[in-house]
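Protein chains: 4
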Amino acid sequence: MSGNKFGKLFQLTTFGESHGKAIGGVIDGCPSGIELDKEAIQRDLDRRKPGQSAIVTQRKEPDEVEFFSGIFEGKTTGVPIGFAIFNTNQKSRDYDHIKDQYRPSHADKVYDDKYGVRDYRGGGRSSARETASRVVAGAIAKQFLADVKFTAYVSAVGEIQMDKSYQDVDFDSIEKNPVRCPDPEKALEMEEYIKKIRKEGDTVGGVISCVIQNVPAGLGEPVFDKLHAELGKAMLSINAVKGFEYGSGFAGATQRGSNHNDLYNADGSTQTNHSGGIQGGISNGMDIYFRVAFKPVATIMQSQTTINNKGESVEMQGKGRHDPCVVPRAVPIVEAMAALVLADFTLLNRAVKK
Amino acid sequence: MSGNKFGKLFQLTTFGESHGKAIGGVIDGCPSGIELDKEAIQRDLDRRKPGQSAIVTQRKEPDEVEFFSGIFEGKTTGVPIGFAIFNTNQKSRDYDHIKDQYRPSHADKVYDDKYGVRDYRGGGRSSARETASRVVAGAIAKQFLADVKFTAYVSAVGEIQMDKSYQDVDFDSIEKNPVRCPDPEKALEMEEYIKKIRKEGDTVGGVISCVIQNVPAGLGEPVFDKLHAELGKAMLSINAVKGFEYGSGFAGATQRGSNHNDLYNADGSTQTNHSGGIQGGISNGMDIYFRVAFKPVATIMQSQTTINNKGESVEMQGKGRHDPCVVPRAVPIVEAMAALVLADFTLLNRAVKK
Amino acid sequence: MSGNKFGKLFQLTTFGESHGKAIGGVIDGCPSGIELDKEAIQRDLDRRKPGQSAIVTQRKEPDEVEFFSGIFEGKTTGVPIGFAIFNTNQKSRDYDHIKDQYRPSHADKVYDDKYGVRDYRGGGRSSARETASRVVAGAIAKQFLADVKFTAYVSAVGEIQMDKSYQDVDFDSIEKNPVRCPDPEKALEMEEYIKKIRKEGDTVGGVISCVIQNVPAGLGEPVFDKLHAELGKAMLSINAVKGFEYGSGFAGATQRGSNHNDLYNADGSTQTNHSGGIQGGISNGMDIYFRVAFKPVATIMQSQTTINNKGESVEMQGKGRHDPCVVPRAVPIVEAMAALVLADFTLLNRAVKK
Amino acid sequence: MSGNKFGKLFQLTTFGESHGKAIGGVIDGCPSGIELDKEAIQRDLDRRKPGQSAIVTQRKEPDEVEFFSGIFEGKTTGVPIGFAIFNTNQKSRDYDHIKDQYRPSHADKVYDDKYGVRDYRGGGRSSARETASRVVAGAIAKQFLADVKFTAYVSAVGEIQMDKSYQDVDFDSIEKNPVRCPDPEKALEMEEYIKKIRKEGDTVGGVISCVIQNVPAGLGEPVFDKLHAELGKAMLSINAVKGFEYGSGFAGATQRGSNHNDLYNADGSTQTNHSGGIQGGISNGMDIYFRVAFKPVATIMQSQTTINNKGESVEMQGKGRHDPCVVPRAVPIVEAMAALVLADFTLLNRAVKK
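Protein chains in written order, with the numbering used here: chain A, 1027 to 1380; chain B, 1027 to 1380; chain C, 1027 to 1380; chain D, 1027 to 1380.
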């Protein structure tokens, strides 16, 4: 109930603060009989981990996951999968300066407002480090949904936008550049821009696009738990996310019905896909695609005026090793959350018919 | 679990199809001791109901709510509030033509895919008629949260966009025009445009903006159930919604941290509010504001080629009384869902401290 | 969250007070495609309703259920089934005397303690009238689980105990006497005893036994949601229940392992069934059986000293038409709750394997 | 949803198998600001651990808990408390003989039936070792509810029953004997009996009584989530439990209303307490008391005929170090589950009034 749980039948609960002993979680409801590829799980973790390229934070965290339960002789047994990633690189002293000060556009102050107490080291629970646990669970969800293909990539960094649609790019090129943009020219441009931003001690936002292919029709629940509503919630729950749109999205609001409607082919597929693979909250078998907007990282290497917990004005200098742009490392997180949503709806959908 | 329930502590379950005997719901967890203003509830229902102006569907449905329980001597008693709106205007024959045919960009086909059976009259459960139950519950949530002010309005119809921010308009003018746009000139333009679209037998999308004022700091749960994640889910669960953004939204993705960060004033308020009143998923006491994109209504008064449930190509002529643009009537729905989210987080927040 | 909801996937939410406009509920998650036998539903309601025999309360309430949604052309559609039983016999004046007074061993005072307000007419929400909604939902659950057989009966009234086990009686004889005891001689004895008790203005407790046959192996979830734990909770949630035991029950606590263990037959069945059809919280395919203890009805036709809401001592004379013994009418409630538990676990069990 | 989660607001999720790497859990929703006494937690674990006395299993497991998160500078922070107890004494070879065989009255076969796969080492997930995680969480719940006093003790072993009521014994004497029975003479008798049973290679059942004192009025939710219904579920979820009764319990079923009703004193307390501190599912401020029946441990040191997973009859000889009677070690588990229920209802109760 306290917001650290995701999913109904395929359910992830996470724990852990940025600089505590470990982060981790429990996956409850993962079906039995899945032969787990642990290397694939680690690969997704490596795509998220710090220090992987020149344009992300240079902190060194190996992010190796340790499984405690729920797996026997290489297979899931249907009981909870407990796991942890132990923290090895805890320079808590880096954070002494924020013990009593509130970083602008961070959650420091609201945690104090809400709980009356706060683990201030590295943002504590509000740190994006928590998302490593989501990547673990998402990687397992992907293996459960072996036939479904989840592909996320960076489609914008600041003002630099990829203008090709997902059909016009080669997904294999995503991992070939540190930005994770499938348009090689734009990728280079984005990379240069991020380096420039970093030099200026600044940060920049961006957009991640995600495509889910080979989804069977019928997933999603009507009314409140529409497939796109849960996808939206899943994405908006990722640190720094400011917006979500699927299918035609905000552009669809400017269109006319005569143009926007997706006419059927005889086989039940549609000629266009403004619907983004979802009708009335339920998958229709076409590709699901959506876009997620990320704000610029709040920690900048510049001096900012802020307040301390006595309400006094103080000058604060950003320190530590932070990302100039969050989207390259957020790509596997978007995929993981999408996989968790689809895994959950896949199980829920088994209950709908007599 | 089947998606007809919203909220954790302040919880709404709805039932009912477009052309069944009644729609309605149960509000479980509404606190005791709230003196209910039933006229205020009906006022919100009247803002949603068909036939209220020349630019909406001309169906006549009084949408009067009948309460069954949970209210005694004018006050909530803390036990479930059961209610229904009986359907009085069920021209089921209007829908015989869609019994075996799938309307483009409607949920007809996916309901058949999912459930193997479907109440085809007027879209059945997938009809936006269901949202009347949300408006009832939302109106009660508003009365619970008497100090919080929820204001939604139309900020775009098709390409016509209001370019003033919410601080620069008079909220009192929203209900003075049938579009519910607080910019009188744009409102007129939008109204004319909707009339023109209707004459052409077409429909158009739009955007609703919503502002929540006077929210105490501390609402929202960390990690998965962030305040904006639940608001996003709530909005995306409304029929025809394609996108959600809060605070700086998609535009924030183009910005730099040095510009986007909201610097603190000594009193803990912030100089700017790109954060949209939410930090790390928790309200910070500033105004919460967000935008919701609606696609054009799928039912158009034009002929479209589609398929029937045998996979045969058929010609379909749109019939019945439908909205040319959904946003004017969706304004109270957006407010209702926002109020349900805030009511739930208000109760959840009572549990966080020793 | 407020306790008016039962089940996870096959979920019932109920509303309604004893003397309000209606009681009813919403069944969310009932699978699609079930051909509903409405007469069978009414038959179960009739077994619960007041006035059905000389040994139960003589109030006249027809208890006819009206369905609002979720059923189309005689079949469930997979969307919520909303229903109500309208109250027709509301002699609220009967209850004016308890407006300010707390009946002994009733929930009057704790509702005031908890909510600060209370619908005092007939016990309001704490009235057993609420269970009629459970019977409706349970009857539908039974139809979903057409192969499973639920049989409850009265096995004790006061000190009069049936000493035959369920294998030694004829279930067809249960409905042949007003007590619903399958042992005709004991049934007569119980009937006479209840009549005597009533004449004395007193009430008496009793025990209901329940047998569930033809349950597939594998139902129930390990650890917290064991099949018998949910059955226990379901039974203990019925008004006036004080105890629950399954299989060997409290007598099992006196036994030795060498005697209590159920040895396997070659076909996987067991030679004895002290386990009551459940191992480690999961059904094993043998008969499930359990016993439920009910206290004597608290409303007696005698004068009792009690207090009012000012803490003053007052004399109270029991009035109205009440049951001298609750168990004959509680038989269909026990079956209904058992069916709801089994329906829910049947759906949950579809999610456990890859 | 898969049964490894307990509670709504104060919520425990557990993971771990008997012979896996670790067992543990996540407590989500523990309020912030609780100064944790870790020694008190360990004390409860020590009361549950194997090897603590001559009458329990002689396995050596230190059962030391390691906390990963949610505690900062000695206080809870309101975010999830992740913890683990690493397994140090995993003689998996002890269990090779049950790899393909089904122990009578164990969950071996139903796990295979349900999941199609099973961690057979020591019962895997169905092992009572899981309850150590409950004891950790329960000990924290007790510290949250510092004013409430939870006292469980053994009141019967086999046919040997303590005949004094809880008011007539000294709770301080419970921990003074290895059986945890507060009646010194009966304790000795029980101890001798357990030793005798063990020598015979047999096991025996027993009963635990529990008293909860100083509970504020108003806890518990009406209808399905009655306080005693959740207590009952909590107890029935403990391994080997066969029955639950509270207040007058099964004996109450034999009584008359005129005798059973608890008459009020002027201060709102009652003269008797057949109600067991709960009216209509809500605490009334009087002592809550209940009894829990445990079956004899299924693993006996005798030869039993059973079947293997091919349905062949095989002879099986009990091995390993097991408890001859489970109740002495189950005392802290009963207290822990009771504390979890009360903690949850305490938080839920904060949401009921305007």
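One or more of the hints may lead you astray.
What the hints assert, rightly or not - In silico DMTMM-like pairs for lysine to aspartate or glutamate, Cα to Cα no more than 20 Å straight-line: (1) B:Lys1202 - B:Asp1189; (2) C:Lys1379 - A:Asp1293; (3) A:Lys1125 - B:Asp1293; (4) B:Lys1125 - C:Glu1099; (5) B:Lys1380 - D:Asp1122; (6) D:Lys1380 - B:Glu1061; (7) A:Lys1380 - C:Asp1138; (8) B:Lys1125 - A:Asp1293; (9) D:Lys1101 - A:Asp1293; (10) A:Lys1101 - D:Asp1173; (11) C:Lys1345 - C:Glu1099; (12) D:Lys1379 - B:Asp1293; (13) C:Lys1380 - A:Glu1061; (14) A:Lys1380 - B:Asp1138; (15) D:Lys1380 - C:Asp1138; (16) D:Lys1047 - A:Asp1138; (17) D:Lys1380 - B:Asp1063.
Simulated from the structure, these hints should not be mistaken for laboratory data.
- Message: Checking each numbered hint in turn, tell me which of them this model violates, lowest number first.
- Response: 2, 5, 7, 9, 10, 11, 12, 16
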